[in-house]
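Read off the chains here:
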Amino acid sequence: AQKITQTQPGMFVQEKEAVTLDCTYDTSDPSYGLFWYKQPSSGEMIFLIYQGSYDQQNATEGRYSLNFQKARKSANLVISASQLGDSAMYFCAMREPYSGSARQLTFGSGTQLTVLP
Amino acid sequence: DTEVTQTPKHLVMGMTNKKSLKCEQHMGHRAMYWYKQKAKKPPELMFVYSYEKLSINESVPSRFSPECPNSSLLNLHLHALQPEDSALYLCASSPGTPASTDTQYFGPGTRLTVL
Numbered sequence: 001a002q003k004i005t006q007t008q009p010g011m012f013v014q015e016k017e018a019v020t021l022d023c024t025y026d027t028s029d030p031s032y033g034l035f036w037y038k039q040p041s042s043g044e045m046i047f048l049i050y051q052g053s054y055d056q057q058n059a060t061e062g063r064y065s066l067n068f069q070k071a072r073k074s075a076n077l078v079i080s081a082s083q084l085g086d087s088a089m090y091f092c093a094m095r096e097p098y099s100g101s102a103r104q105l106t107f108g109s110g111t112q113l114t115v116l117p
Numbered sequence: 001d002t003e004v005t006q007t008p009k010h011l012v013m014g015m016t017n018k019k020s021l022k023c024e025q026h027m028g029h030r031a032m033y034w035y036k037q038k039a040k041k042p043p044e045l046m047f048v049y050s051y052e053k054l055s056i057n058e059s060v061p062s063r064f065s066p067e068c069p070n071s072s073l074l075n076l077h078l079h080a081l082q083p084e085d086s087a088l089y090l091c092a093s094s095p096g097t098p099a100s101t102d103t104q105y106f107g108p109g110t111r112l113t114v115l
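Chains A and B supply the protein sequences, listed in that same order. Under this note's numbering, read the first sequence as residues 1 to 117, first letter to last. Under this note's numbering, read the second sequence as residues 1 to 115, first letter to last.
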């Protein structure tokens, strides 16, 4: 069975500094996708970044980058130059193997990030 | 445009009420999802519609009844709910293709309180 582990329930970072949120996964499927979502206190889940299992390069989207280490089965999110608006819950997720016409997501337990002024 | 809209934003209902949650997307996505999320927990999948057909029902009680009138709309009908059903209900959509980048985009959610 597929599993996502986020071992940091809470993290603090000073404004303008970089922070790494950890995510490890377990799957026996050679083809999978890894996602990071941000959920502010307002509730909306915001898609941040995607990494495919066959992608040769680490994904980047603006201030977000994904440190993908396939052999270690880790997909850590790096946020550079943290801003106060980055304070939120962050979820790592993995897409399950093809199931019908729509794929499901397995979520980690989340990391609550607080950016300090 | 990656917008998924949900109405209402907040809903308070009694255990004998009937209400509906609505979700809409105009991205041409063919898969739509309902999730339930408790505070400080990850979302839990409830239902998946693929090409307007119910493809996944994660053993959800019958007091929750999904409906997909067309490819852009998804409803969740609520009847005789329990206080433990109070949660954030999230709708999501995705292209629904086997492509490796099939990404789910979420709406802002409906905060439901059952009294």
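Hints were generated in silico from the structure; no laboratory data involved. Glycine included, each C-beta is placed from N, C-alpha and C at the ideal position. You may find that some hints are simply not true.
Claimed, not checked - Facing chain A, from chain B, some residues (calculated, C-beta under 10 Å):
1) Thr7
2) Lys9
3) Val12
4) Met15
5) Lys22
6) Leu45
7) Pro66
8) Cys68
9) Pro69
10) Thr101
11) Tyr105
12) Gly109
Hint check:
1. Below 10 Å, beta-carbon pairs count as interface contacts, and B:Thr7 has none with chain A, the closest being about 14 Å; its hint is therefore violated.
2. For B:Lys9, the suggested interface contact is upheld, since its CB lies about 9 Å from the closest CB of chain A, less than 10 Å.
3. Of the supplied interface hints, the one on B:Val12 is violated, with its beta-carbon coming no nearer than about 16 Å to a beta-carbon of chain A, more than 10 Å.
4. The restraint placing B:Met15 at the interface with chain A is violated, with a minimum CB-CB distance near 23 Å, outside the 10 Å limit.
5. With 10 Å as the threshold, the beta carbon of B:Lys22 stays out of range of chain A, its nearest partner Cβ sitting at about 16 Å, so the hint is violated.
6. Checking B:Leu45 against chain A: minimum C-beta separation of about 6 Å stays under 10 Å; hint holds.
7. Hint status for B:Pro66: violated, given a least beta-carbon distance of 14 Å to chain A, over 10 Å.
8. A least Cβ separation of about 12 Å between B:Cys68 and chain A goes past the 10 Å threshold, and the interface hint is therefore violated.
9. This hint is violated: B:Pro69 has a C-beta 18 Å from the nearest C-beta of chain A, more than the 10 Å allowed.
10. Because the beta carbon of B:Thr101 sits about 6 Å from the nearest beta carbon in chain A, less than 10 Å, this interface hint is met.
11. The criterion of a C-beta within 10 Å of any C-beta in chain A is met by B:Tyr105, whose closest approach is roughly 6 Å, and the hint holds.
12. Because the smallest distance between the Cβ of B:Gly109 and any Cβ of chain A comes to about 4 Å, under 10 Å, the interface hint for this residue holds.
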